[in-house]
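Participant: Listed here are the chains, written in short residue letters.
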Amino acid sequence: MTVLVAHASRAAAAWRDSGLSFRLAAIAGLVLLTVAALAPWLAPFDPDQQTLLARLSPPAGFEGAKAGHWLGTDELGRDILSRGLHALRITLGIGMAGASLGMLLGLTLGLFAGLKGGVVDDLVAGAIDIQIALPFTLLALLAVAIFGGDLMVLIIVLGIAGWETFARVVRGEVMKLRGQPFIEAALAAGASPWRIATRHLLPNLVSPLVVMFALSFSQIVLLESTLSFLGLGVRPPTATLGSMVGQGRDYMPSAPWLVIVPSLLVLLVTLVVQLLGDSLRDRTDIRLRQR
Amino acid sequence: MLSFLSMRLVKLVVTLFVVITLVFFATRLSGNAIDFIAGEGLDAQSRSELIAYYGLREDILTQYWRYLRGIVEGEFGLSFTERRPVTQVFWERVGPTLQLIGGAILLTLVVAVPAGIFAAVRRRDASAQGVMTLAFLGYATPNFVLATLLLLVFSYWLQILPSAGNDTWAHYLMPVTALSLTYIAALIRYTRNATLDVLGQDYLRTARAKGLSEREVVTRHVLRNTLITVLSVFGLMVTALVSSGAVVIESIFSWRGIGDLLVRAAIRRDYPVLQFGVLAVAVAVVTINTLIDIAYAWVDPRVRLGARLT
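Chains as they are written, first to last, in the working numbering: chain A, 4 to 294; chain B, 12 to 321.
None of these hints come from the bench; they were simulated from the model. Possibly wrong hints are sitting among the right ones.
[Stated by the list, open to error] For lysine to aspartate or glutamate, the following EDC-like pairs were computed, each having C-alpha atoms within a straight-line distance of at most 20 Å:
id, chain 1, residue 1, chain 2, residue 2
1, A, K179, A, D124
2, A, K119, A, D132
3, B, K22, A, D132
4, B, K22, A, D125
5, B, K22, B, D304
6, B, K22, A, D124
Start from the sequences and build out the full structure, keeping to the hints where you can.
Facilitator: Next up, the structure:
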């Protein structure tokens, strides 16, 4: 309980001396998350429901708009607002799940490598080298070709692709912390490695982990959008923001809203996440704070 | 230095070997590749002929051994969809990709380095803050969104730029811009930080004290010292440019390069092409990283002598 209170007051203090852009981004982020979570209740239509009589109708306010379809409809008469909301939900969900998986994997391996040293460390360091040699996008292309665009596969691939950053930073931090007197004291007192890892190391890793989570989240959202845009992500008819832009491309000359609406949504998401990640990093990086 | 170099070389070879092995077995996980090549309704005899043609008859370990031997001899197998050597298919695509990436590298360096130095030197001005805001926006904009919106405005609405192909100089404008933006934005941010570090150094005070004009201070002292940091980051950016940027931009603008080839290969499950592509990019990335390591070792004796930088 006291820990919770301490965290809450620290969060409050962080809010007080944060800049305007951070506050705006934080609020926008919360709104996006809420809207995404409530998508099934907020969306006026079923996202996959086709109304062939109302195909390619423009957004409200333009000539020929159909009542009720605020942002227009696509080539199959599906409501773009509803699809956008559901797509946001899937995109953010994949980002969350992928970044969490990457963090879990990277944190575990990084802690192991940093604490055990020796052969374990060499193996993890070697695995990191290999992961760095295999670029994100190519790995995803390969995995999608092999396993198909299943949602679970996509999350696992994106999570695996992100583990390396976490592992690298955690390993480095643990190595730095290991020589500190308080760890030596804990060791001398007979603390088990598990206790040292959870009680002494983890609390010191929270701020780099938060920053990396934000950055990895935005990277995963980007990669998922890109893959879906190329037709290699989540299978249709399920909409993600990237696949909406990708499929809308064919109708760009006559129905530009098919591309513009999801593009702006993607832009909004990446802007907000990037802004949050940046301000979090600036807060934890003492070298930058003095400027 | 020599032992450091040989250690790096051993590490490079081991990394590449593991990559090759992983990719080889991963592509075999999805069952027999022949089903994708042949499609349904093929009679048994042509099917077994196809299997023999692509060398898929033996058990997987034999295939693996043959693949490794092939790599040493420069044989990387046949493309499933084009039915000719993968290397040949790739070779035709290298030119356009190099042109695209070369253009992007040039544009990035020409725009980002001056803009980053400007943003640092004039950091209190509104114009410098404007540059940084633009850099932030550019950094957060996914390149496929930018490319799509550019296409919409310049090819469909204004109809002044071609939407596909690479025949004339006008074909280069949109792809190169869309590809560069993220890297320009990122490099502006790096350059600004690197310049700020340099601006705090004592030798700049000395330079001013001996009477150099502000312009001379910036061009002679700041620029040079900033470039050292910037170039090391730039090496890493080039690998990202090759591996992810080109893939997206090429398929949007129907640019007949390696990125476009790889996306098509992924859609059609042309494993030999994918395998070779991943391998080629891995070689590029590992080589660039090794070169950067060597450059660091050259500059910093602590690395060379084996102390770990953590």
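Participant: For every hint, state whether the structure bears it out.
Facilitator: Quick rundown of the hints versus the structure:
no.	hint	in the structure
1	A:K179 <-> A:D124	holds, 14 Å
2	A:K119 <-> A:D132	holds, 19 Å
3	B:K22 <-> A:D132	holds, 9 Å
4	B:K22 <-> A:D125	holds, 12 Å
5	B:K22 <-> B:D304	holds, 12 Å
6	B:K22 <-> A:D124	holds, 15 Å
Hint violations for this structure: none, all hints satisfied.
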